[in-house]
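Once you have looked at the hints, place chain B on chain A.
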Amino acid sequence: MLYREAGDFKTTYSKDSQTFPIKFDRIGYYLILIVAFGVVPFFIDSYWANAVFVPFLIYAIAALGLNILTGYCGQVSLGTGGFMAVGAYACYKFMTSFPDLNIFFCVLLAGLITALVGMLFGLPSLRIKGFYLAVATLAAQFFLVWLFNKVGWFYNYSASGQITAPERSLMGIIITGPNTEAWAKYLFCLVFVVLLAWLARNLTRSNTGRSWMAIRDMDIAAEIIGVNPLVAKLSAFAVSSFFIGVAGALFFSVYLGAVEVGEVFGIQKSFLILFMIILGGLGSIFGSIIGAAFLVLLPVLLKNVLVGTLGWQTDIAVHVEFLIVGGLIVTFLILEPHGLAALWRTVKEKLRLWPFPH
Amino acid sequence: MKLTKLVAAAALAIAAASPALADLVLPSLSYRTGPYAVNGIPVADGFADYLTMLNARDGGIGGVPIKMIECETGYNTEKGVECYEATKGEGALIYSPLSTGITYQLIPKATADGIPVHSMGYGRTSAANGKVFEWIFNYPATYWDGASIAINHILALENNDIKGKKIALVYHNSGYGKEPIRTLEELAKKHGFELSLLPVDHPGQEQKSQWLSIRQQKPDYVLMWGWGVMNPVAIQEAANIRFPMDHFIGIWWSGSENDVLPAGAGSNGYKALALANPGDGYPIMADMKKYVYDAGKSAGAGDQVGTVLYMRGMYQALLSTEAIRKAQEMSGEMNVTPAMVRDGMEALNITEELMAARGMPGFGPAFQVSCANHGGSGIAKIQQWDATTKKWSLVTDWISADRSIIDPLIAEDSEAFAKENNITERACN
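Residue numbers (the working numbering), protein chains in the order written: chain A, 3 to 360; chain B, 123 to 551.
If we strip away everything but chain A, and leave its shape as in the complex, we get (with noise of 0.2 Å):
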């Protein structure tokens, strides 16, 4: 009945390999990114910007970055909120650098140099893998973090550490600091979205990405058929920590607009995010949407309906909460392993079919 598909023949080959193949999918992508840009805007206050849809989005990003490298290509991570912290940094001395510079162009140059120092770190993995790799990543999330507490020029020797976002604007609209209109925020962070999910979306149908999943799937057989295993494996972490430095610089300077690194970066970040991804979906840009919001979205509405709408205190809920998503947690990957986004394609199936599943 949803999905009507009788008639819809593909006539040429760009149809045929197109994204979205069937047309209800296609109508709901057009009406999502319709609402998201020409609806959500509009009645966005600064709680719905700052507890819900900044977060979201930015936690899309990340995990949309680690879903490229781990997902795609195979190679455990467990440095992403070292990778954030590198962007975070990075696009705070740009800020206070060149006070000129586009806040758009801060945030992707923030991007490129987590790119190359992702790619840095991302050495050992021509030689490690698995739980090795992931320990070496590890490493890279301690000395980053460390580095950042470290070494005063990345903060500008401020007394207590800590960074915090100027006051920035894009085309007379203020983006950064505190006097940012909630839909400011929120649009800024839903182009970065769309954009980078575009992007990933197409690199992994790509020739990049076929090489990505080769190695992930036989890392021996893919370099007999002539996968160059070093450029694979480095430009996943170039692209990964791109997003993930995306993130990182979204994170603080839109989002929070102060940050202390071994807080906000810390070890905790990783895992959360690795976590978006497997309860997600590996390998699926929907399923690290997905994930992002269950992770996002699940705890702040636990939190309204526990403590906002029957009034208990504040200390069970916060324990009950860890339950209920630590008990969903459990019992979605005993359900279905591959994460939220293989569920929806089994229910996508069954759709498909009803009435008639004969």
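These are calculated hints, taken from the structure and not from any lab test.
Here are some, though not all, of the chain A residues that point toward chain B, as calculated from beta-carbon distances under 7 Å:
1. Ala53
2. Ala161
3. Gly163
4. Pro180
5. Ala260
6. Thr316
7. Asp317
8. Val320
With a straight-line cut-off of 27 Å between C-alpha atoms, the simulated DSSO-like cross-links for lysine-lysine are:
9. B:Lys210 / B:Lys253
10. B:Lys210 / B:Lys419
11. B:Lys412 / B:Lys189
12. A:Lys152 / B:Lys287
13. B:Lys253 / B:Lys541
14. B:Lys340 / B:Lys312
15. B:Lys285 / B:Lys311
16. B:Lys411 / B:Lys189
17. B:Lys541 / A:Lys152
18. A:Lys152 / A:Lys95
19. A:Lys152 / B:Lys340
20. A:Lys152 / B:Lys311
21. A:Lys12 / A:Lys350
22. B:Lys340 / B:Lys311
23. B:Lys287 / B:Lys340
24. A:Lys17 / A:Lys352
25. A:Lys95 / B:Lys541
26. B:Lys412 / B:Lys513
27. B:Lys513 / B:Lys411
28. A:Lys152 / B:Lys288
29. B:Lys330 / B:Lys287
30. B:Lys312 / A:Lys152
31. A:Lys152 / B:Lys330
32. B:Lys330 / B:Lys288
One side only, chain A facing chain B, incomplete, derived with CB under 8 Å:
33. Ser162
34. Gly259
35. Gly268
All C-beta atoms, glycine included, are put in the ideal place defined by N, C-alpha and C.
Chain B in isolation, oriented as in the chain A frame:
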């Protein structure tokens, strides 16, 4: 016609549904979970119980009931931001987040939204300069005062000569712990002592290497800027290496019962700064018992009553409510706005008589806030732990900070902030 009616009805329904802004809203950004809960719970309980008592005894402030909204931050900045956004729409009058990290977050946000922040003895020290930080207050004392007071106490013990002495600072590796470093470096230059810095990473359970280096370097004194689980661990480690406890001085956030009790007899003699007196022998406690504890309205488990941090939470509530009272007096309006409360905070004059009238005679320092000075009097006492009686006792009277060092530092730091954020200094007369 029908549509307009519908819209009007909807608008009416929304107006009826939204809460009438009749209560005085005080948000409590507390943390009862996580590694800092051990210190967060007593403060949150004290804050809540005092407000409950005021509501029950006086019907609030000036006859307007107080509505406290508690929001769990877990000492985490992201959750702190969520709490701020969630509560500010309710008409929050003063924010006191009890976290230096969250205070740093709120300084620009609250300034833009026009809501005062009271970071009582924490947060950004240079916010003491009211000319730059119009909405931020950190009276009655700042971290830099604390650092200087600790050194002054050491000077008094060593007959004013600490040249060549070694002083180590064990600190929480965050904005909070790093605050005193600038001041201590200046003081080291002035008095000629040698300062060594030992950062402890969040959450602070792992301190073996720091205390090993203390064992090797043998500093004459150790200062500590710790919070949460870091405090008892540090005191235990100090006891383990047999460091002389009376040479170990914590800031006022490292001096509660919950910090010293786990180390048992080993913590005997440990010293800490006291922002206000330890102990609960004040007339107010009779009212607290009558209206709160006996009425079964205690916040939390009710087992923290009378501890240092519980009293600190009450003190926080007292200073907040006095500011609101002052604002009501000044404006003649009972339902005050955040802007009026800010004016009230700036005109706050805490005298001995006022403290006595509120049932807490001599509990905290007498101080006056002004347009230029948001930092209060900047004085503290030193308290020492007696492990046998399980009581803190005061070993000094009020000690003042070295203003000749701190005032220029505050001016310098707040000037840098003003320049970074294009703030022009207010004129204060």
